[in-house]
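Peer 1: Got chain A; can you put chains B, C, D, E and F with the ligands on it based on the hints?
Chains A, B, C, D, E and F, in that order, give the protein sequences. Throughout, the numbering used here is defined as the position within the first sequence, counted from one, plus 1439. Throughout, the numbering used here is defined as the position within the second sequence, counted from one, plus 22. Throughout, the numbering used here is defined as the position within the third sequence, counted from one, plus 22. Throughout, the numbering used here is defined as the position within the fourth sequence, counted from one, plus 21. Throughout, the numbering used here is defined as the position within the fifth sequence, counted from one, plus 21. Throughout, the numbering used here is defined as the position within the sixth sequence, counted from one, plus 3.
A couple of the hints might just be wrong.
Away from chain C, derived, C-beta distances all over 10 angstroms, residues of chain B [what the hints assert, rightly or not]:
#: 1; residue: 29
#: 2; residue: 38
#: 3; residue: 140
#: 4; residue: 158
#: 5; residue: 228
One-sided excerpt, in silico: chain F residues whose CB lies under 10 angstroms from chain B [unchecked claim]:
#: 6; residue: 149
#: 7; residue: 150
#: 8; residue: 151
#: 9; residue: 152
Coverage of chain E stretches by chain F, computed from C-beta distances (three or more under 8 angstroms per stretch; other residues unrestricted) [as the list claims (entries may be wrong)]:
#: 10; region: 162 to 173
#: 11; region: 191 to 201
#: 12; region: 227 to 235
Because the hints were derived from the structure by calculation, they are not lab data. Beta carbons: idealized from backbone N, C-alpha and C, even for Gly.
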Amino acid sequence: MDSLASYFSMGGYAGYVWSAYAITAVVMVALALLTWRGLKGREQELKELQDIIPGRRGRSHDGVAEKG
Amino acid sequence: MTSEQAFSTFTAEGLVCVRGERVVFTRLDLSLASGEAMFLLGPNGSGKSSLLRVLAGLLKPAAGRLTWNHQALAEDREGHAARIHYVGHHDAIKPVLSVMENLRFWGRLHDPLAGDAAVKAALERFGLWHLRQVPGKLLSAGQKRRLNLARLLAAPASLWLLDEPSVALDKASVKTLEAVIAEHRANGGMVILSTHADVSLPGATELHLDRFTPTTPPEFWA
Amino acid sequence: MTSEQAFSTFTAEGLVCVRGERVVFTRLDLSLASGEAMFLLGPNGSGKSSLLRVLAGLLKPAAGRLTWNHQALAEDREGHAARIHYVGHHDAIKPVLSVMENLRFWGRLHDPLAGDAAVKAALERFGLWHLRQVPGKLLSAGQKRRLNLARLLAAPASLWLLDEPSVALDKASVKTLEAVIAEHRANGGMVILSTHADVSLPGATELHLDRFTPTTPPEFWA
Amino acid sequence: MSRLSEIIRRDLRLALRQGSDSVMVVTFFVLTVVLFPFGLGPETNLLERTSAGVLWVTALLASMLSLDRLFLADYEDGSLELLALTPTALELLVIGKVVAHWLTTGLPLMVAAPVLAVLLHMHADGFGTLLLTMLLGTPTLSLIGAMGAALVLGARRGGVLLSLLVLPLYVPVLILGVGAIDAAVQGLPADGLLLMLGGFLLGALPLAPWAAAAALRQALE
Amino acid sequence: MSRLSEIIRRDLRLALRQGSDSVMVVTFFVLTVVLFPFGLGPETNLLERTSAGVLWVTALLASMLSLDRLFLADYEDGSLELLALTPTALELLVIGKVVAHWLTTGLPLMVAAPVLAVLLHMHADGFGTLLLTMLLGTPTLSLIGAMGAALVLGARRGGVLLSLLVLPLYVPVLILGVGAIDAAVQGLPADGLLLMLGGFLLGALPLAPWAAAAALRQALE
Amino acid sequence: MHRFANPARFLRLASVIQPWTAAVTLLLIGAGLYFGLLVSPADYQQGETVRIMYVHVPAAWVAMAAYSCMAGASAVGLIWKHPLADLIAKSASPIGASFTFLCLVTGSLWGKPMWGTWWAWDARLTSMLILFFLYLGHMALLNAFDDPGRGMKAAAILALAGFVNVPVIKFSVDWWNTLHQPASVTRLGMPKIDPSMLLPLLLMGVGFTMFFVTVLLLRVRLEVLAAKIRAIRLTQIHGMPGADPSGEALG
Ligand code: HEM
Ligand SMILES: Nc1ncnc2c1ncn2[C@@H]1O[C@H](COP(=O)(O)OP(=O)(O)OP(=O)(O)O)[C@@H](O)[C@H]1O
Ligand SMILES: Nc1ncnc2c1ncn2[C@@H]1O[C@H](COP(=O)(O)OP(=O)(O)OP(=O)(O)O)[C@@H](O)[C@H]1O
Ligand SMILES: [Mg+2]
Ligand SMILES: [Mg+2]
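Next up, chain A with everything else stripped away, as it sits in the complex (with noise of 0.2 angstroms):
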């Protein structure tokens, strides 16, 4: 127990190292979160928009690609 608590002071540095852990693991997992759920965003979006419009769903690669 003794030996917990003092690794966990890390030798009375404990604010710096594990603020330093906690904020990059705060970021990464954002930066990671977001960018998932703005690509199920848009995956939605790309299949309301086709929905819509019926008879594009096949034609709508070739009309990025012939659009420029």
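Peer 2: For chains B, C, D, E and F with the ligands alone, kept in the frame of chain A given last:
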């Protein structure tokens, strides 16, 4: 000042122009030889100005190529610039410089060796000589346009690209412009000109931009 | 939106205009009544734009007076402003505002009670409705001019002062403009219009500005 | 009145969309104040003693820098002549533009000032007075500035002329503002100085729009 | 080459005739530095210790403020497209405009700096170094600034964006400049810092015109 | 006209390799944390604070690697006009900015106990701060134009011009003697660092890089989809009679 020029040709093949992620015209071909002139026609927004900018090398076409005497222009931007004069919608006149200073600057920049004689002749031709000391900001709309057109004569160039040059000009000045273009062509120059007004260039071909608009409506935002 | 208007007259007597220490025109008289139209003609620099600015109240004449229904306008600048629409060489279009926002602002400013219906009708009339979301900077030259002209319909005014309104317009738009002016006149409006191009206004009188130029040369800096 | 609000709304919209100079001005204010510790070194004592001065000098400059475009953009694209041709007193339009200018420069400066004051280690007693001086002083800056901007429209050497015209008129605001804050920090009464600042504002309120409108009419001739 | 000199002469003439922003900038510089004693109070000690910082921060801001119009005026009136269509490398034209910009901002700042240093009671040992840092630093500011100004042409919120792009790149110049002067005043060697300033200039010399020209070509599309 | 040349192939490829990169990322970072926090000893000089190194240094590496990737993609986009390259450059900058931020913050957190100050105007620190602002400027420039293509090109030029900063960051500690640690891992010849510290450092380094790759792939997919959506909106507005121009796509 334009001297006799060797016979040359200018062609564009399969030009495609995209502006603001929108295709303005597609698969446009044109070709012009020494002494020839071409009108660009079409309703507002059909891409006349855009085509002139492509031909001047200001705007990169999304596809297609330009050639001069059968040599591709793609990379030789400066060589092409030496051959052309471009007159756009803006007059590029500095309000605090005098008429003479304005014109002399553009003349020298185009051709550092050009003397003041050409500048003087150009001003006289467009009826601006007596205004030479007047600062740009005191000019009327037509006078500004004439000053912009005087650049054509202040330094020689083979190909003139004119975007609605007759705008704001009175009838006499339109006549002058027509005469100047005729002389240029007689000396072996080429002219491509967009207009909504009646400018008479004997034997000029016509290019209707609206024919190259992709999909149906003539304006893209439709 | 222009409703039937009471019969009115607009006159100018003995106008003298001085610009940049030079007399542009002297002793100029004109008069106009409801339903009438007038062309201002003359070579570049003869003072058409200057006269229109005088008539709009932007430029104080060095001498002479303006009257509306025989009442002098000298001091009633705001009352006069409510009666007129002025279309100058500049398009007054903010590049970052959309077409709709641009026009709506000018409509509301001229007539705070005017609803969006008038703005919409004006845009439709000039073929800009489908462009209403587009920011001003992406418009072509003719589209900008049409937006500027749409102000005429976005809020009513009796007297239209138009400085070369057909510049940059394609032929179809010039026709629209002519029709709009004809309707305005039929409703009892007046139009004064400077131009170098051919605009057809049946029964319009002509005023040749070069006739009022003092001393000999048509341009003053001689 | 509704015309006034139209103008204010348009100018605000323009400022937001194109991040006109007025938005830049706040950035400028913040960046300058942030740069100062770099330039002066981070000594608390030095920063504290210079804080009121740095804040007010920077606010002054920030406000001045946004001026030369206040009417210029409208003048160059033809909007100004149309504004002059609306059926309202030009003075009202000037007031509209001044209000918009203050909302996009003065107000954000006021909001940013306390934060920056913390950064400069200003003494806590000065904060209230800092805000008060800003509230009374920044509208005066906008008003005087509008007059200057209108006067130099169309004049040669607009920019230089503008600062020469405007800065001397700004100096009293600067001195009163800094004086009031310093007094407050030292525990002295600042009411007199604040009253004078208010008086300045009241004086500028009718005078500046009138002068600016007259100058604009000249510029349009 | 003669084209280069044509451009420089035209830009100088324009600056002189219309008192473009660049001339205003020097006024701004002088006035700001003059305002500081008002803001800080006339205590010699305080002024002396802040002098290098105040001078360099102000020079930086002065240089930055003149930037957003560097290409803008030419862009808006159509001159820029004609410049791009002259039979010369656009890079050369950019260099011409940078030289003109430096002559109308950097050079006057250099001339004004010693005078203002006296006003701020700078220690006499710092004067030589002050001039040297200005000589090495201000051209870098003009070069980096031209790159930023070209990049934001036609952008929304150009002004704010410009300061966001340019100020961080200015910071090393500021730090090195102030550092060198402070070192000189304290009798320490400043060569290393001056060398770094020079290195910065040498780096910016080829890079900035290239980037600016590329950006201008994009802007004209 | 190879704009959006074969986005379909890219999308397929990306969705195939993505699960693998994600798994490898988790594995490496997990192992790195285990060795870094539990196994490796404290430094005899720096004590426990040396553990900050296992996030600080990988973050710095990824920050610089992301910038190099962005600059490379920008060059390809400018010269060969390859559309995917533009999108890669666009996707890299938010990730790079995040890691630069992490490097700055963890560096400060390390600097306070070690140097007694959060910040100093040392060459490496300054150049790293500039890298952060370059990322911010890149992102701001990308979105500052009405025409997305314009923003892409302007940002590409900035990315290329700013690339000089990367070698400055890397070698600043060698060129000037500064507060900051000189290179001990990434130098020519053998690393002069104890293997018990080197192992977690390398694990975390590769792990962070794989994380970068994973997120980059996700973002590029996102951008491809966004471009598709824009294209469909545009055709909707001007290609299909009767479609109501909602105007959203015109932004
Ligand atoms: C905000 C402050 C700091 C910044 C911006 C910063 C930046 C960097 C960068 C960019 C690197 C990567 C260099 C490379 O790969 O060659 C790095 C590595 C490193 N940093 Fe920092 N650092 C900071 C503070 C610190 C502190 C306070 C320490 C320790 C006392 C430290 C120790 C290290 C070490 C040991 C390396 C690894 C060097 C190597 O093996 O190559 N840093 N830092
Ligand atoms: N702002 C000004 N200050 C001083 N003089 C001016 C100003 N604007 C124009 N002028 C001069 O006044 C005269 C008349 O100009 P005005 O613009 O009225 O001519 P215009 O008939 O409209 O010509 P255009 O057909 O070219 O438009 C010209 O000689 C011009 O040089
Ligand atoms: N800078 C720009 N960015 C994006 N789109 C543009 C830009 N300028 C013009 N456009 C669009 O490109 C199309 C063609 O414009 P262009 O100016 O070439 O037309 P034009 O034929 O010259 O018309 P006009 O007769 O009105 O001058 C128009 O639909 C316009 O809205
Ligand atoms: Mg056009
Ligand atoms: Mg006119």
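Peer 1: Next, verify each hint and record whether it holds.
Peer 2: Each hint tested on the structure:
With a closest Cβ-Cβ approach of about 34 angstroms to chain C, residue 29 of chain B is found to remain outside the 10 angstroms limit, as its non-interface label requires. Look at residue 38 of chain B: its CB is around 18 angstroms from the nearest CB on chain C, clear of 10 angstroms, so calling it non-interface holds up. With 10 angstroms as the threshold on Cβ separation, the claim that residue 140 of chain B sits away from chain C holds: the shortest Cβ distance comes to roughly 22 angstroms. In this structure residue 158 of chain B is separated from chain C by more than 10 angstroms, as the shortest Cβ-Cβ distance comes to about 12 angstroms.
Interface exclusion of residue 228 of chain B from chain C stands, the closest Cβ pair being 14 angstroms apart, more than 10 angstroms. Given hint, residue 149 of chain F at the interface with chain B, holds; its Cβ is 7 angstroms from that chain's nearest Cβ, closer than 10 angstroms. A hinted interface residue such as residue 150 of chain F counts as satisfied when its beta carbon comes closer than 10 angstroms to some beta carbon of chain B; here the least separation is about 5 angstroms, so the hint holds. The closest approach between the C-beta of residue 151 of chain F and any C-beta of chain B is roughly 7 angstroms, which is under the 10 angstroms cut-off, so the hint is satisfied.
Below 10 angstroms, beta-carbon pairs count as interface contacts, and residue 152 of chain F has one with chain B at about 7 angstroms; its hint therefore holds. By the rule of at least three residues with a Cβ nearer than 8 angstroms to a Cβ of chain F, the coverage given for the region 162 to 173 of chain E holds, with 3 such residues. Counting residues of the region 191 to 201 of chain E whose CB falls under 8 angstroms from any CB of chain F gives 4; the rule of at least 3 is met. Note: the region 227 to 235 of chain E has 5 residues with beta-carbon separation from chain F under 8 angstroms; the three-residue rule is met and the coverage holds.
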